[in-house]
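Read off the chains here:
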Amino acid sequence: MIKRVHFNVSALPYILVAPQVAITIIFFIWPATQALYQSFLVEDAFGLSTEFVWFDNYKELMNDPYYLGAFKTTVIFSILVAGLSMGVSLILAAMADRVIKGATTYRTLLIWPYAVAPAIAGALWVFIFDPTLGIITYIFNFLGYSWNHKLNGDQAMLLVVIAAAWKQISYNFLFFLAGMQAIPKSLIEAAAIDGAGPTKRFWTIIFPLISPTTFFLLVINIVYAFFETFGIIHAVTQGGPANSTQILVYKVFNDGFVGLDLGGSAAQSVILMVIVIILTAVQFRYVEKKVAY
Amino acid sequence: MFKSTFMAISAFSCLATINVANAATEVQWWHAMGGANGDRVNKIAEDFNATQSDYKVVPVYKGNYTETMTAAVAAFRAKKQPHIVQVFEVGTATMMAAKGAVYPIEQLMKDVGEEFDSSDYLPAVVSYYTSPNGKLLSMPFNSSTPVLWYNKDAFKKAGVEAVPTTWKEMEEASRKLVANGSKCGFSFGWQSWVQIENFSAWHNMPTGSKDNGFSGLDTELTFNNKTVKRHIKNLGQWQKDGLFDYGGRRGDSLPKFTNGECAMWMNSSAYYGSIKEQAKFDFGQAMLPFYSDVVSKPQNSIIGGATLWTLKGHDQDDYKGVAKFMTYLSSPEVQAWWHQETGYVPITKAAYSLSQEQGFYESNPGTDTAIKQLSLNEPTLNSSGLRYGNFVQIRDIINEELEAVWNDSKSADDAMDTAVERGNKLLRKFEKANK
Chain Y
1 MIKRVHFNVS
11 ALPYILVAPQ
21 VAITIIFFIW
31 PATQALYQSF
41 LVEDAFGLST
51 EFVWFDNYKE
61 LMNDPYYLGA
71 FKTTVIFSIL
81 VAGLSMGVSL
91 ILAAMADRVI
101 KGATTYRTLL
111 IWPYAVAPAI
121 AGALWVFIFD
131 PTLGIITYIF
141 NFLGYSWNHK
151 LNGDQAMLLV
161 VIAAAWKQIS
171 YNFLFFLAGM
181 QAIPKSLIEA
191 AAIDGAGPTK
201 RFWTIIFPLI
211 SPTTFFLLVI
221 NIVYAFFETF
231 GIIHAVTQGG
241 PANSTQILVY
251 KVFNDGFVGL
261 DLGGSAAQSV
271 ILMVIVIILT
281 AVQFRYVEKK
291 VAY
Chain W
1001 MFKSTFMAIS
1011 AFSCLATINV
1021 ANAATEVQWW
1031 HAMGGANGDR
1041 VNKIAEDFNA
1051 TQSDYKVVPV
1061 YKGNYTETMT
1071 AAVAAFRAKK
1081 QPHIVQVFEV
1091 GTATMMAAKG
1101 AVYPIEQLMK
1111 DVGEEFDSSD
1121 YLPAVVSYYT
1131 SPNGKLLSMP
1141 FNSSTPVLWY
1151 NKDAFKKAGV
1161 EAVPTTWKEM
1171 EEASRKLVAN
1181 GSKCGFSFGW
1191 QSWVQIENFS
1201 AWHNMPTGSK
1211 DNGFSGLDTE
1221 LTFNNKTVKR
1231 HIKNLGQWQK
1241 DGLFDYGGRR
1251 GDSLPKFTNG
1261 ECAMWMNSSA
1271 YYGSIKEQAK
1281 FDFGQAMLPF
1291 YSDVVSKPQN
1301 SIIGGATLWT
1311 LKGHDQDDYK
1321 GVAKFMTYLS
1331 SPEVQAWWHQ
1341 ETGYVPITKA
1351 AYSLSQEQGF
1361 YESNPGTDTA
1371 IKQLSLNEPT
1381 LNSSGLRYGN
1391 FVQIRDIINE
1401 ELEAVWNDSK
1411 SADDAMDTAV
1421 ERGNKLLRKF
1431 EKANK
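One line per chain: the protein sequences are Y and W, in this order.
Sequence positions in the first sequence follow the numbering used here and run 1 to 293.
Sequence positions in the second sequence follow the numbering used here and run 1001 to 1435.
Just chain Y, same shape as in the assembly:
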């Protein structure tokens, strides 16, 4: 028999949870519902005439090659950002894992960029790469390579990818390092005794053992590239030139806040909401299974 424990009904737990619930409702549920409602409307900017149009805004998006283009741009951008930032931070973590002297200093320095706000990070890179004033541009010119990310879409994409990845390296680095340090030293020592060099040890022991961390970071980085890079895009390229860096989040802003097309913009944000729900669900399923190794 299971012995049931009975607690007196108390208001305390509800009171303690109330602020969090209130914040969730006011800042997440309510605006999300508003966005959903707005996405069914065609409205003028001032909200003086409103027409309920059901799924017209969505239909229009699905037939808009520029929206589908933004989808493609977002996918390319996310893969590049996730790949670059994870790759670099994996190398840095593997190095830092083996450092014995001054490890804390290295770690602190590597964590710094995470404290920089996206817009500031964007502004820094804009200065460095400015087609007229930038120091890197100057060096490129000296080497005979012309850099103008205001004109060349590929260069613009490269620049926002570098800026976005740079900011995320610290976060990835922390998780990779923690993952590596959780690996029992005995495994690595055993491999070393068997004659495996550092590279071999990394690929056959460390890398497979940190796969749950890698998977977790992959999801986090894709979500980051999808949603949190707005500040960087806004500061560096504003979606240009010729839409080459227009990612979905930026298009929501551009259509809604610059173009004042609230219905279309709301429909886009609802689609984004669905994407983030799917990504989160996928992540939870896999994290629960802990990734087989």
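I should point out that these hints are in silico values taken from the structure, not numbers from a laboratory.
There may be inaccurate statements among the hints.
If you want a taste of the chain W side facing chain Y, the calculated C-beta under 8 Å gives, among others [unchecked claim]:
#1 1073
#2 1076
#3 1097
#4 1247
#5 1248
#6 1249
#7 1251
#8 1252
#9 1255
#10 1259
#11 1260
#12 1261
#13 1390
#14 1399
#15 1404
Calculated pairs, DSSO-like style, for lysine-lysine (alpha carbon to alpha carbon, straight line, at most 27 Å) [said to hold, decoys possible]:
#16 W:1425 <-> Y:59
#17 W:1157 <-> W:1276
#18 W:1135 <-> W:1435
#19 W:1410 <-> Y:72
#20 Y:72 <-> W:1425
#21 W:1056 <-> W:1324
#22 W:1372 <-> W:1152
#23 W:1324 <-> Y:72
#24 W:1435 <-> Y:59
#25 W:1168 <-> W:1157
#26 W:1226 <-> W:1135
#27 W:1276 <-> W:1372
#28 W:1432 <-> Y:59
#29 W:1372 <-> W:1156
#30 W:1229 <-> W:1410
#31 W:1429 <-> Y:59
#32 W:1240 <-> W:1226
Even for Gly, the Cβ is constructed at its ideal location relative to N, Cα and C.
Use these hints to put chain W onto chain Y, whose structure you have.
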């Protein structure tokens, strides 16, 4: 995703805290003038407040033009709108269509009994902001027009003797400059405004049907004509040849001119203040070039810049203060000072003649280029301005398509046809939303 909604909420809550009790009636003035011009705006408000004690004008900087307009729209939806908001010329159609939100200035002046005569203002300026029944809708404040800025020192060095007046001469001068070691011949900013809207007015061609949108929401864009296509194609070729070098949207390419990289730059006359401050060479301004085989002489250019719109929903008494401030703002002294400091055109005839009397144009040659260019000929239906809904977005489309030409990923013909097609879709959307 939630960010946009979140931003709107936080914007509203900030506004709620602004209304502080004060003896004088406060008049909120939201504007988009940053930097030195922002200081000048503050000075105008302070000077006005010093002249009387019943009203206090509070200028609030709200970011660039787009951000300011969006802030005002969001505030209106939350019923926290300012009395006066500065809106750029491309937002005109959107503001006009918002009949329940806008308090037309001529009506406002009449309602509170303030003296007002729209014929005091320059025709090229007021025509842009007048309703079909001839009533002025918003108060002209800062108007400018694109001019050709040139580097006199670089011209001398490269042996360019005369300032180009036609596009053929532009090309020749640019070739000379590049041959003499310049990085490029010319560049420009606000490309849709300069190379399509003003280019068309300058050659007396429409950019759209229905008198450039003045006489109906069912207007369609028509700037994908032979002349514009040819011009864009030339510019694309010159970008490849290195005669023209694209430097970004809006005024982003200004450093190319002030650094001495490009000896010529086409953009608003209102860059006078910035160029004077930054350029370490002798510079001048001249009228825009034209194609002499298209027209024998140019028509007139159109304005850009912004006007002050008044919004409904405040006490009638507040509007007395608004009216008094508008009268102060357009007084010849204030306008002449603003014009001479910034390079915006004087919006009243009185301010223009005051500047002449003060000898400003003699001591600063070229500073009257903008006003001369605007009033070169009696404006035709093609050169009175334009009034398209969703034009902020349409300009972005034009930017995108032009950038595709500059980086050689699209032909000029294709880009202009696509721009018109995409723009027309937005015009239909606007028509639908504002029935």
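Evaluation of the provided hints:
1. Interface restraint check for residue 1073 of chain W: the shortest CB-CB distance to chain Y comes to about 5 Å, inside 8 Å, so the restraint holds.
2. With 8 Å as the threshold, the beta carbon of residue 1076 of chain W comes within range of chain Y, its nearest partner Cβ sitting at about 5 Å, so the hint holds.
3. The restraint placing residue 1097 of chain W at the interface with chain Y holds, with a minimum CB-CB distance near 6 Å, inside the 8 Å limit.
4. A distance limit of 8 Å between C-beta atoms decides the matter here; for residue 1247 of chain W the minimum to chain Y is near 6 Å, and the interface restraint holds.
5. The beta carbon of residue 1248 of chain W comes within 4 Å of a beta carbon in chain Y, closer than 8 Å, and the hint placing it at the interface holds.
6. The restraint placing residue 1249 of chain W at the interface with chain Y holds, with a minimum CB-CB distance near 7 Å, inside the 8 Å limit.
7. Restraint check, residue 1251 of chain W versus chain Y: the minimum CB separation of about 13 Å is more than 8 Å; hint violated.
8. For residue 1252 of chain W, the shortest C-beta to C-beta distance to chain Y is roughly 7 Å, which falls under 8 Å, so the interface hint holds.
9. Hint on residue 1255 of chain W holds. Least Cβ distance to chain Y is approximately 4 Å, under the 8 Å limit.
10. The criterion of a C-beta within 8 Å of any C-beta in chain Y is met by residue 1259 of chain W, whose closest approach is roughly 6 Å, and the hint holds.
11. The restraint placing residue 1260 of chain W at the interface with chain Y is violated, with a minimum CB-CB distance near 11 Å, outside the 8 Å limit.
12. Checking residue 1261 of chain W against chain Y by beta carbon gives a least distance of about 7 Å; that is within 8 Å, so the hint holds.
13. Given hint, residue 1390 of chain W at the interface with chain Y, holds; its Cβ is 7 Å from that chain's nearest Cβ, closer than 8 Å.
14. Interface restraint check for residue 1399 of chain W: the shortest CB-CB distance to chain Y comes to about 7 Å, inside 8 Å, so the restraint holds.
15. Proximity of residue 1404 of chain W to chain Y holds as hinted, the smallest CB-CB distance being about 4 Å (cut-off 8 Å).
16. As the CA atoms of residue 1425 of chain W and residue 59 of chain Y are separated by approximately 14 Å, the hinted pair is consistent with the 27 Å bound.
17. Taking the CA atoms of residue 1157 of chain W and residue 1276 of chain W, the gap is near 21 Å; set against the 27 Å cutoff, the hint holds.
18. At roughly 21 Å between alpha-carbon atoms, residue 1135 of chain W and residue 1435 of chain W fall within 27 Å of each other, so this suggested pair holds.
19. Distance hint between residue 1410 of chain W and residue 72 of chain Y is fulfilled; the C-alpha atoms sit about 19 Å from each other, no more than 27 Å.
20. A C-alpha spacing of about 22 Å is found between residue 72 of chain Y and residue 1425 of chain W, which places the hinted pair at or below 27 Å, so the restraint holds.
21. This hinted pair checks out: residue 1056 of chain W and residue 1324 of chain W have alpha carbons roughly 11 Å apart, not beyond 27 Å.
22. The straight-line distance between the Cα atoms of residue 1372 of chain W and residue 1152 of chain W is roughly 21 Å, inside the 27 Å bound, and the hint therefore holds.
23. The straight-line distance between the Cα atoms of residue 1324 of chain W and residue 72 of chain Y is roughly 54 Å, outside the 27 Å bound, and the hint therefore fails.
24. Proximity of residue 1435 of chain W to residue 59 of chain Y is assessed by CA-CA distance (about 21 Å); at most 27 Å being required, the pair is judged to hold.
25. For the hint pairing residue 1168 of chain W with residue 1157 of chain W, the CA-to-CA distance comes to about 20 Å; that is within 27 Å, so the pair holds.
26. For the hint linking residue 1226 of chain W to residue 1135 of chain W, the alpha-carbon distance of about 36 Å lies beyond 27 Å, and the restraint is violated.
27. For the proposed pair residue 1276 of chain W and residue 1372 of chain W, the alpha carbon gap of about 21 Å is at most 27 Å, so the pair holds.
28. A distance of roughly 16 Å separates the Cα atoms of residue 1432 of chain W and residue 59 of chain Y; the hinted pair therefore holds under the 27 Å criterion.
29. Proposed proximity of residue 1372 of chain W and residue 1156 of chain W is supported: the alpha carbons are some 26 Å apart, at most 27 Å.
30. Of the supplied pair hints, the one linking residue 1229 of chain W and residue 1410 of chain W holds, its CA atoms being roughly 12 Å apart against a limit of 27 Å.
31. The straight-line distance between the Cα atoms of residue 1429 of chain W and residue 59 of chain Y is roughly 14 Å, inside the 27 Å bound, and the hint therefore holds.
32. As the CA atoms of residue 1240 of chain W and residue 1226 of chain W are separated by approximately 21 Å, the hinted pair is consistent with the 27 Å bound.
Of the hints listed earlier, those the structure fails to meet are numbers 7, 11, 23 and 26, in rising order.
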